[in-house]
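Taken in order, these protein sequences are the chains called A, B, C and D.
Everything in the first sequence is counted per full-length UniProt numbering, starting at 1 for the first residue and increasing by one.
Everything in the second sequence is counted per full-length UniProt numbering, starting at 1 for the first residue and increasing by one.
Everything in the third sequence is counted per full-length UniProt numbering, starting at 1 for the first residue and increasing by one.
Everything in the fourth sequence is counted per full-length UniProt numbering, starting at 1 for the first residue and increasing by one.
Note that these hints are calculated values from the structure, not bench results.
Bear in mind that the values here come from a model prediction, so they are computed numbers and not experimental data.
Wrong hints could be hidden among the right ones.
[To be verified] Below, simulated DSS-like cross-link-like pairs (lysine-lysine); rule was C-alpha separation at most 30 Å, straight line:
{"hint": "1", "chain 1": "A", "residue 1": "445", "chain 2": "D", "residue 2": "361"}
{"hint": "2", "chain 1": "A", "residue 1": "255", "chain 2": "D", "residue 2": "361"}
{"hint": "3", "chain 1": "A", "residue 1": "171", "chain 2": "B", "residue 2": "139"}
Number of protein chains: 4
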Amino acid sequence: MEQTAGFNYGIVDEKLKEACGVFGIFNPHDRDIDLARITYFALFALQHRGQESAGIAVSHGRGISVHKGMGLVSEVFSDTNFDALKGKIASGHVRYSTTGSSTLANAQPLVVRYHRGSMALAHNGNLINACEIRDGLEKQGTVFQTTIDSEVVANLIARLQQDSIEDAVKKALEQVKGAYALVIMTNDKLIGVRDPNGIRPLSIGALDGCYVLASETCAFDTIGAQFVRDVSPGEIVVIDKSGINSLFIESGARKALCIFEFVYFARPDSVLEGSSVHMARLEAGRQLAREHPAEADLVIGVPDSGTVSAIGFAEGSGIPYSHGLIKNRYIGRTFIKPSQQSRELGVRLKLNALKAVIKGKRLVMVDDSIVRGTTSGQIVQMLKEAGAKEVHVRVSSPRVTHSCYFGIDTSSRKELIGATHSAAEIREFIKADSLGYLSLEGLIKSTGLSAEDFCTACFSGRYPMDVPKEGDKYLFEKY
Amino acid sequence: MEQTAGFNYGIVDEKLKEACGVFGIFNPHDRDIDLARITYFALFALQHRGQESAGIAVSHGRGISVHKGMGLVSEVFSDTNFDALKGKIASGHVRYSTTGSSTLANAQPLVVRYHRGSMALAHNGNLINACEIRDGLEKQGTVFQTTIDSEVVANLIARLQQDSIEDAVKKALEQVKGAYALVIMTNDKLIGVRDPNGIRPLSIGALDGCYVLASETCAFDTIGAQFVRDVSPGEIVVIDKSGINSLFIESGARKALCIFEFVYFARPDSVLEGSSVHMARLEAGRQLAREHPAEADLVIGVPDSGTVSAIGFAEGSGIPYSHGLIKNRYIGRTFIKPSQQSRELGVRLKLNALKAVIKGKRLVMVDDSIVRGTTSGQIVQMLKEAGAKEVHVRVSSPRVTHSCYFGIDTSSRKELIGATHSAAEIREFIKADSLGYLSLEGLIKSTGLSAEDFCTACFSGRYPMDVPKEGDKYLFEKY
Amino acid sequence: MEQTAGFNYGIVDEKLKEACGVFGIFNPHDRDIDLARITYFALFALQHRGQESAGIAVSHGRGISVHKGMGLVSEVFSDTNFDALKGKIASGHVRYSTTGSSTLANAQPLVVRYHRGSMALAHNGNLINACEIRDGLEKQGTVFQTTIDSEVVANLIARLQQDSIEDAVKKALEQVKGAYALVIMTNDKLIGVRDPNGIRPLSIGALDGCYVLASETCAFDTIGAQFVRDVSPGEIVVIDKSGINSLFIESGARKALCIFEFVYFARPDSVLEGSSVHMARLEAGRQLAREHPAEADLVIGVPDSGTVSAIGFAEGSGIPYSHGLIKNRYIGRTFIKPSQQSRELGVRLKLNALKAVIKGKRLVMVDDSIVRGTTSGQIVQMLKEAGAKEVHVRVSSPRVTHSCYFGIDTSSRKELIGATHSAAEIREFIKADSLGYLSLEGLIKSTGLSAEDFCTACFSGRYPMDVPKEGDKYLFEKY
Amino acid sequence: MEQTAGFNYGIVDEKLKEACGVFGIFNPHDRDIDLARITYFALFALQHRGQESAGIAVSHGRGISVHKGMGLVSEVFSDTNFDALKGKIASGHVRYSTTGSSTLANAQPLVVRYHRGSMALAHNGNLINACEIRDGLEKQGTVFQTTIDSEVVANLIARLQQDSIEDAVKKALEQVKGAYALVIMTNDKLIGVRDPNGIRPLSIGALDGCYVLASETCAFDTIGAQFVRDVSPGEIVVIDKSGINSLFIESGARKALCIFEFVYFARPDSVLEGSSVHMARLEAGRQLAREHPAEADLVIGVPDSGTVSAIGFAEGSGIPYSHGLIKNRYIGRTFIKPSQQSRELGVRLKLNALKAVIKGKRLVMVDDSIVRGTTSGQIVQMLKEAGAKEVHVRVSSPRVTHSCYFGIDTSSRKELIGATHSAAEIREFIKADSLGYLSLEGLIKSTGLSAEDFCTACFSGRYPMDVPKEGDKYLFEKY
């Protein structure tokens, strides 16, 4: 009933970090198709990319209608919302809950009116020169109402007097540095763009003669669309009544897909650059077994993200796999803090060890990554209390040593245990009997792609473009 | 729990019409004062000026925090909101529910970041050249995210490179035509502005050494502030650590306070231009009795707005006054539609006739205005069914014949019964035994001010500035 | 969305005190009428009798459906609720917010299943032997789930094996002492009962061939029903397909309508025992002028309840009446506490003095009653600060000296200023220049009824039946 | 904000079917422990047993406080609720969403006041003679306000005048037939009861010197309690200041734990009668491979419940296991219906096939049970569309042929595909290449317990007590 929006305006930089999912659909036919509802189901499939806020915008010729809200897709939309969302083009967005200060004002798609009419923008990624550009635009008299990159992009586009919107988009994005998968919707066009490095994924699909854009192919499967192809790095895909056309952002940039999409971020049933995410994770487990074998009785995974690599490890090592930890499926996002007496309850609420499986066993415990180390340490302890004789931790990706500037929320570098501690120190911190990280080469090999395809900066520090100096920067946080 | 925002972007013009209340407070002292809470109570006192949305913004040196929501002040704010609203300057806004399409995106204060820092704007009134200016700004590359005038003003200010914010405000407003009472807040200043005609009211008060701005003086009484003076037409009042200073918008405009503030809009306990609203309404009733006497046994008012003029009419005519209609105080804003069997239930839910008072009597029924005539007709019928022998309707303002362009929501001219029907026809339509409207001269006289002080355009068609040609324009709607 | 119920079970007695509104309607025809919707509108008209919770139950032959909730009628019901509330008999209830511990478990109508089928009870009043009866029933093995009298009555009825439900109701109520206006609904009957003293009101109406029962006649006016007659003290009205029949509770009790219904509780447009509440309040003011004249320039009332008696006082005294205090119509039920700096803000949020009216005047200020005295004192102070030279307080009812045991929430006797202080002391406490209470004789005379018709216990201590000894008992609290 | 309760009273029988989780904790120490908060976390661990409503009651010496609501534990409780829930004994309940007609009135614990004081009841199971007993009690004058078995039990207990509450409980339950795990709380005692057959589980734990009762041992792990022992069939465990004591319901009943707790209902990390649920499911898969081998390339499970048995099948058959279906973790409980164009979207929203794994493969697909067959058929189709050459369905439990009368919601027998179709017909219906069900002997063997320990009625029709004749009865529904 009550609708509120509150945002702290002064402190801006932290909010620019985000990870999101985007979607768009264009109906070239005369017959009516309920695009908003299809977008809704597609956002369900992309929900893992962002649980903070969700929005759907629809272009109906005379303008653009939008409904946005805080929370999960299922919480933001009810049947009545769809009555006001009828049209021939739709776009949608889910946003990641980075910190508590997330607000409705920052929910997307961002809808603006400008000299060509109305425009809706949905953005996944992070622009590393957004602040610079914003400062420049402010000096020229622009006002900003949000702290999201989409607003910067919208202003750049609006200031350009090119012949066509797509030319303006091209020109605008040539001023921008960073990672972006963008879905832009106007009165009569749907435009998809991927940054010249192709850091964030974006694919094209087809559904009953409609064109579809989505961050991940799993969204196509859910709505019953066919995968057509990935948007190329630097490509601007323009969809309108006349069909689909492309132009390209000029740039000497090399391809650099975020390798962490394979490690953790993408859904396992998605296909990135032709490679199955599930298969890559399975192979990473096999490779890990080769690189860091262990004398053990049983391989277990930390659910859900460590399970598949654990199965791969089992295959690779010949040690049997078993479920060893049960995850509570009902952990809500808001909840009551334990009282003083039960502070250690944190991990136990989410995970429980299968004593009957673990007791007396030497375990290999596979996880996809270690961020701060605290949770890993608690799980090792839980397993030992459940009777494990040894716990050998194996991580199906390298040590995270560097901050991400391209749209994944990382904590400040000093909170990133991999940046400040050696593997030996981390092993000690989490009280594991041994610890092994997959090598970067092993990880790349597991994807079936080559080192040239990836941004591996969080593991290697080799950024695909110049990045700001390390001040107070960010790490991965998953739990 | 769920926070949602939805707005229809295409159809813009209707949303520009609004009536609102604004408030601001500046604490020059070192000691902490809970300005947000004071603003909250002041907005309570201004709630009659707008029930659609409410917002409070606070400037805390490093930027501006804001909390806004749909609904009444009491619904939008809870105790927890105030923790995030600490600072040395605060401003607030209530907005009128004109139509169902009101949305959170249009709630105020509007907070923007621009080249000087942060700025919050709260606006009461209507700019008649807002569309023109917006079109011009769009051509120069500006994007708009709302349909409120404040966004136009914010962009004008942001584009100016004057030495000071106040000079930029002056320069910006010299491009603007229409009615506005503006409260602008920056990191270190609170600025109040009234348009050169002074169409909308704005007053200055003092509270424990703090400076206060409010649409109506009743807000001062509620928070315990002292009235200092009205802001003059065209005056820009700048409040900062150094005190209070003024500059003026250059313009040859004459003073033209909206006379409808006296008729209906302002709270009776407010004082406008030195005149008590209550006293003016009482005197309007007396004057009405002189202009349109009636042979009757009893004078009654249509509660709440017609009651005081009815008492005045009773005094002027010597006919005794009585309560004759009881108003239900619990009519919520959202409610269930009557079923087929009880369609005529509408007015009966809100009003009930006091049969014991009315039966067998010849009545004078005083109301402050007639908009569409439907409600007046239903009340006359209710009184007759309750046993009234005659019902002589007296209206304490002239016939509303012209649309308002200055911030009061009027329906299209063809729905305005006064614009399309003579008094005789209206009398017939509402089935009154006689009908008399107060003359414009009588109304002006009742205020104690002179004709030169007022905008009387809705009664006279004499607008204080050039207005757009009559297309699909607007009337008063009160019930 | 979330539905919650919480109740504190241990502390019971305080919750038994309540004041409520009841309604029932029976459709004997074959044609469908949306009884739940009519009940909804009737509850709107009775909302002043209880704002804590609301409920509507409908009997549909196979059983009874009910929807109840905390809050105002407009908050509890939405259009979708009515789909599940179809049937030939309906009843409704609104409950008064006595204290913060009110809960959904205590909302009415109470629906139970028992040996005759289903039964819904809605109750206004208070049984003074409810605890005794409950203790007795508990000893015989009965369990209780709420703290409302209706549950006691339902159990009494269910344990009786009389031939008919009405005989069981009669027999059950003969065990009960206290005040009650009851609406009972079964699968095929609608039953209205008033206690043998007739302490709480209950009237019969007719609407399109349907029979209607309501606490006050204003509900009939709202739904367009015709008043037929009051239910007599001790009468059990039984409405079914065959028509309307009566039986009577045997008792030597004298009639004793609560006189406070005339003073404050009933809506002015209601008619009690043939007397108009409005007319009685007007006459009380006239009588007050005769009993306690004042040398003054102006008579004002404390809105809303003091206004009519103030007009009466003006008529009686020849001193002109004026509005003198303006009431804020938007005070929500939940709100933010003032901070330290503005603790005295309480009354100012609700009321504001009309300085232009009051300044330099000697005032008569009329209110309907004084409970704790605190509010009255704050209003006197507000008037003096607004420039009143003298404030002569006149109260249109006698001093409240005794607790009510019959369904009106009174605070403990020691908080009741009238019980512990003389009129002279109260005058001093509220800092009035003079103070006059209407005499009990004057009050009775103003109603047009005779002393024998009333319960005047709160003024006189003469209870119409034996009541418990004064322990921690209750006073009137109105503001 | 709004609190509502609505229930349809006429249609009663369907509501008596339910499956739930119960919990209780008793603090014998003087030091304060936040029992409500511990109960909250325990209910989180039991959430899989019921997602419809949740409640926590606390006994504080003077009575019992309770907070209940519709929805998940995380939705019903917020931090403020715990302030009102302080005491020395606590109990909690989660209830299963059987049908849409679930209501707040039926939420548990049920709190009543009766001759011994206050009592809270939380019940898991189903009484098959509840209607009979209720009819009998109604004839003796009892009223019922809910449709839950707990209310019947509470009335039976309250009517008994035994020396102690435990004797009354024993006497009351000797009149009752069916399945029950009960947690009863009084002012000073916590009582746990399991029916003479022990159909529903209930275990005793210890936490920091407090006694704990829970439906499943996984709740002990979550709160950090130690498992002590299971409550025995027919045992009444009485916990008070003096410690823990037992008495027994007299009955010749044999032990008959619901075997479906092993198949699907219990959490895998729980231990029932000393057997690990996870281990039993793993072994069931191995046994299934022996009973129904398949020529195939890959074994996959239907997540989440089929996964472990699939791993067991892989181990038993030597065919490799792989994830083959990905489950969307964000499917909310309320959601938007697909439009006409996408009706087949149902299963795709929840599950997606891993094409890269499945393509060209002959699959064994393991699920724990088949209820209506519709979902199984859709999954088989999804796998074939993803490129599976063959799909051999294996079910890790026997065909469900008979209704459950003991607390698990089953649809009417005619909707139960196993009751009306042979395995061959079901294979054809779901379009599987082959279909094999685990034998009952195989299932029993997998648990490590013996046939005499179980109720296997839903598979065998051999009920552990006389049950009502098959009218319109109930089947399992899981998806």
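Hint check:
With a C-alpha separation of about 24 Å, the suggested pairing of residue 445 of chain A with residue 361 of chain D holds against the 30 Å cut-off. Using a Cα cut-off of 30 Å, the hinted pair residue 255 of chain A and residue 361 of chain D is violated, with the two alpha carbons roughly 34 Å apart. A hinted pair counts as satisfied when its Cα atoms are at most 30 Å apart, and residue 171 of chain A with residue 139 of chain B qualifies at roughly 17 Å.
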